[in-house]
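Chemist: Here's the letter readout for the chains.
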Amino acid sequence: MANLTTTQVAAQCHSVGNGEPGTTVGTLRQTHAALRCVRQHFESTGSIEVMTPALVSSTVTDPGIQSVAVTRQAAGVPVGEQIDRGLYLHTSPEFAMKRLLCHGSGDIHQICKVFRQGEAGSRHNPEFTMLEWYRVGQSLDQLIDETVSLVTAVMVLFGKPAPSRETRPWHQLIYDATGLSAAESEHASVAIPVIRRVLDEHGVALPEGVDDTDLSGWVDLLMSTLIYPGFNPAGLTVITDYPVSMSALAKTKASNHPDTATGHTPVDTVAERFELFWGAVELANGYHELTDADELQRRFYADVKTRRQQGLPEVTVDHRLLAAQRVGLPDCAGVAMGFDRLMMIATGANALDDVMPFSIMRA
Amino acid sequence: MASYSTSEFKSGLKIMLDNDPHTIVENEFVKPGKGQAFSRVRVRNLKTGRVVEKTFKSGESVEAADVMDTSMQYLYADGEYWHFMDPQSYEQLAADKAAVADAYLWLKEEDMCEVTLWNGVPISVTPPNFVEMEITETDPGLRGDTATGGTKPAHLGTGAVVKVPLFIEQGELIKIDTRSGEYVSRVK
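Chains as they are written, first to last, in our numbering: chain E, 17 to 379; chain C, 78 to 265.
Think of the hints as simulated: they come from the structure by calculation, not from any bench. Bear in mind that the values here come from a model prediction, so they are computed numbers and not experimental data. Among the hints, a few may not be true.
As the list claims (entries may be wrong) - Below are the BS3-like pairs computed for lysine-lysine, each with C-alpha atoms no more than 25 Å apart in a straight line:
id	chain 1	residue 1	chain 2	residue 2
1	C	Lys111	C	Lys91
2	E	Lys269	C	Lys111
3	C	Lys111	E	Lys321
4	C	Lys87	C	Lys131
5	C	Lys229	E	Lys267
6	C	Lys91	C	Lys124
7	C	Lys111	E	Lys129
8	C	Lys174	C	Lys229
Go ahead and model the full structure; you've got the sequences and the hints to work with.
Modeler: Okay, structure coming up:
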């Protein structure tokens with residue numbers, strides 16, 4: 017995986033210029049207006065704004081997300097204290113916010129900076145602003161509606177028309193692109209040759225580093241290069257009903273969608289997860305949150321095993337979250353939205369550098 | 078051997094691919110929020126000029142190409158090689174037809190050119206953006222016709238043919254933009 021550190025990126029940047037920001041004063045004002053609009057939305061729906069630490073002792077286990085590590089000395093933690101392995105900059109405030117929910121916070125939201133190691137590009141920045149919120153007792157569909165209406169509110173604020181919305185179950189996307197049924201798409205030996213052929217037919221250069229057992233790697237490449245770019249470029253697309261293997265921290269449920277390929281065999285179980293896109297730009301990722309602490313622990317350790325197999329940095333499992341979820345996470349739905357990306361699409365910009373005053377190349 | 082990680086990719090970086098030196102033209106980072114990251118790059122083969130796409134898994138390393146752009150003075154051609162000299166060290170290098178390619182059309186003795194070296198051997202030659210050359214052959218000029226905007230072909234000593242305004246005469250010195258191969262002005 018990426019081994020870029022923020023200092024390395026900064027060191028690569030030789031162009032100092034006048035120290036000027038990537039944004040105009042107009043963009044700064046628009047950002048201010050969007051933040052106010054978002055806060056008004058939560059104010060009017062009874063959610064409370066919270067602040068949780070950016071510097072945390074354990075981090076996400078997801079093999080697709082790499083944390084920026086901070087040494088214990090850098091964090092000022094004395095030797096012999098509870099924290100003996102160093103700290104991380106949080107990649108999302110999810111774990112801390114769930115601990116608040118376990119201890120009775122009710123509906124909460126947060127707007128904060130989060131950090132992802134090695135993510136830099138026109139639509140990625142190793143530090144970005146996350147808008148994350150949780151609704152107690154709500155269903156995933158209710159949360160999808162709220163997410164769409166919040167995005168719509170910001171777009172309308174900037175004089176854009178209310179965007180259209182299309183909902184696409186995950187397996188349907190795979191079927192439309194490759195002809196693979198839900199069952200076939202879960203088997204590496206069947207799915208990978210088909211995905212390779214489809215990518216090749218569409219002129220996508222095939223990577224050499226992804227081997228013939230790494231199904232998720234091939235699926236990710238298919239998604240990034242063919243499926244997302246095929247979404248309505250001027251509307252919202254909601255992906256729902258993820259395969260169980262991609263459930264992350266979402267609950268799973270019996271599917272009510274038939275398998276597209278066969279028309280009758282239902283997909284047994286799907287994850288109650290959604291992602292929201294504007295064109296090919298991923299804006300938000302949400303779950304009907306997994307509440308079962310034992311299942312959470314099982315998924316954490318499955319991730320730890322995958323990380324070891326893939327040679328990714330080992331991370332510390334969040335035992336405080338596990339302990340809090342044993343006290344009890346209320347039934348809730350939660351979503352994280354990339355605020356800078358929302359600004360990018362709402363202002364019609366092409367790159368995060370146009371909406372962040374100082375993206376990593378200027379930081 | 079020096080190498081670059083995908084996180085160091087940026088346009089202009091020189092890397093080895095399929096045993097040929099390439100330069101990165103464009104680099105795009107793609108990654109689903111919770112998924113694998115890839116670098117999709119467009120690279121130009123520095124020997125053939127061909128541009129191709131490549132995809133790398135993030136974190137992979139690629140061998141660096143020992144490629145250097147040097148400013149050298151063009152001396153002469155011997156029919157097989159074009160000879161250049163480093164004005165500081167007076168060191169001379171010979172570039173073959175493959176390296177010079179179409180640049181020979183714009184090579185004028187003593188002009189400074191950009192010579193790209195791979196492992197010390199010339200692999201491409203870029204003439205100056207503007208060169209001044211003498212017209213060796215063209216139809217007689219239409220004196221005073223500076224307004225009609227018509228053009229006629231003019232042959233240069235190197236074999237290049239340039240469209241010039243009708244009033245230009247054989248033996249005149251003209252300025253040419255080598256990137257487009259177009260006439261710019263008369264040199265007085």
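Chemist: Run every hint past the structure and note whether it holds.
Modeler: Here is what the structure says about each hint:
1. Restraint check for lysine 111/C and lysine 91/C: the C-alpha separation of about 31 Å exceeds 25 Å, so the hint is violated.
2. Distance check on the hinted pair: lysine 269/E and lysine 111/C sit about 21 Å apart at the alpha-carbon level, within 25 Å; holds.
3. For the given pair, lysine 111/C sits about 17 Å from lysine 321/E by alpha-carbon distance, which is consistent with the 25 Å threshold.
4. Between lysine 87/C and lysine 131/C, the direct Cα distance comes to roughly 14 Å. Compliance with the 25 Å bound is thereby established for this hinted pair.
5. Distance check on the hinted pair: lysine 229/C and lysine 267/E sit about 76 Å apart at the alpha-carbon level, beyond 25 Å; violated.
6. Restraint check for lysine 91/C and lysine 124/C: the C-alpha separation of about 12 Å stays at or below 25 Å, so the hint holds.
7. Simply put, lysine 111/C and lysine 129/E have alpha-carbon atoms about 18 Å apart, close enough for the 25 Å limit, and the pair holds.
8. Between the alpha carbons of lysine 174/C and lysine 229/C the distance comes to roughly 29 Å, so the proposed pair goes past 25 Å and is violated.
Violation of the numbered hints given earlier is confined to hints 1, 5, 8; the remaining hints are satisfied by the structure.
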